[in-house]
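Residue numbers (the working numbering), protein chains in the order written: chain A, 1 to 407; chain B, 1001 to 1141.
Because the hints were derived from the structure by calculation, they are not lab data. Heads up, the beta-carbon is just placed ideally off N, CA and C, and yes, glycines get one too. A few of these clues could be false.
Per the computed footprint, the stretches of chain B lying under chain A, defined by three or more beta-carbons under 8 angstroms from a beta-carbon of chain A, are [claimed, not checked]:
hint, region
1, 1018-1030
2, 1052-1066
3, 1117-1131
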Amino acid sequence: MHADARSDLAAWRAEVPALALPVHGRRLVYLDNAATTLMARPVIDAVAHVATHLPGNVHRGVHALAEAADAAFEGARATIARHLGARADEIVLTSGTTAAINLVAQAWGRANLGPGDAVVVTALEHHANLVPWQAACAERGATLRIAPIDDAGRVDLAGLEALLDARVKLVAVAHLSNVVGTIAPIAAIAARAHAVGARLLVDGAQALPHVAIDVAALGCDFYACSGHKAYGPTGTGVLWGRAEVLAAMPPWQHGGEMVAAVEATRARYREAPARFEAGTPNISGVIGLAAALDHAATRDRAAVAAHEARLHARLRAGLAATPGVRVLGEPEAAVVAFEVAGVHPHDVATIVDQEGVAVRSGLHCAEPLHARLGAAASVRASLAYYNGDDDVDALLAALARVREVFG
Amino acid sequence: MSDALALYQATIVEHDRHPRNHGPLAGADRAATVDNPLCGDVVTIELRLADATIAAAGWTGRGCALARAAGSMLTVALAGLDATAAAARLDALEALVRSTPDAPVPDGLGDLAAFAGVRGFASRRGCVLIAVRAARACLSG
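Only chain A is shown next, with the shape it has when bound in the complex (with noise of 0.2 angstroms):
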């Protein structure tokens, strides 16, 4: 490794007190980012400065720590958009991906999908983007049609592209897969959605800690992602959406703050975003994440992004070079889902566990997947910018502790 790269990861490493935790009296190997990313010091702080300084609600007051919070709060959104390439009025501020994309298939679903209409997702989908179509689909009487993947994990544009035609009201696509690792081709997944007429939504969960985000840029309708796993805190999330189309969509919860006006028996909705923020939102993560963002910003990203790729490949390659590993799909980026030979995953996950390692055993939820690729289960390990060699190194110093328990 370069000196100036070791001496990046050193500084980087000493900012997350997490890594500092003892695990069965080891160093703490944490390859399960694809899970959730541990917090640096500057966010911790600026979630424990709320709480401290900033103890008032947003949107509702005129007194002192009112106006502090709400100011911070909307400072918060304007950060995040900026960081995403969107304009603040696009950013629908959730508790996560998950919140973002079942706010798309309700509120979206119910004023768009309808009898003979079809939702297209892909097979490499989480559950997160694919029950909750299963779910609208249902409702609407419309139809969920699955684009097919190759061997690699890829999304196929030839097989997506035959199954759109003037029915499809809208395309949902993983940008980064939490399980094989791909990237799909947005750009060109868009093009033939819009071709059609069909809205195109990214889940970006995995994405937005590991890709450069320009949502403008991507030519998508809706972009959905997750602030804890992009080494924010839990319990954010961001639904972008362009202005015209999140003005077209009817709420999703009903409450508090995204009124304009109460009568006894109606009431007038406000704006985009606020339409879609109905109850007290979790302002210090939202403050927290905006802080993760811009924290993120002050790492080289160039430097970064050689970092991971050079990790990842050095993950593919031990993994590779260990006897009854097989690895799902072709991964390019962040995440490795494989199997051991004979054993399971979750007697994989609980053996390196023992060594420190932290990794992902199961469906990942992602069982269609698992299906498709001739997987009952699988173990992932999934990097971060504050992983090293070493962790690497562990996690296949570990693979060999496997084969001593189980022969």
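Using the hints, position chain B against chain A.
Same frame as chain A, but now just chain B:
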């Protein structure tokens, strides 16, 4: 590594590698399937009864070493027991799995006492209990 070795005791690994009573049970009177949607594991237990006694027990399914060993070892343990004794054996195994890691291991569990190691792994208790729940459903059905 001692904890992982405590979990994967030789008896458990041996039953995982060479499961007993694995496969469809000819002439089964009772069958029940339990799955764990979080991990995709699924275990089916089948029983053949003679009078009020379990004449034979079999299991099928897929799962981790703990789930497979539980299917294998439970079907061995249940054969020859009447319904009351079988239910008591299932209760005893579940009580063991749910007890604290430092609690004494009760007598009378036989090979099933090997599952005591799972008590230090809260997220893995369910792996053993899939087979227990399937067997219990067989007895009640």
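Each hint, compared with the structure:
| no. | hint | result |
| --- | --- | --- |
| 1 | 1018-1030 | violated (count 0) |
| 2 | 1052-1066 | holds (count 5) |
| 3 | 1117-1131 | holds (count 3) |
In terms of the numbered hints stated before, the structure departs from hint 1 and from no other.
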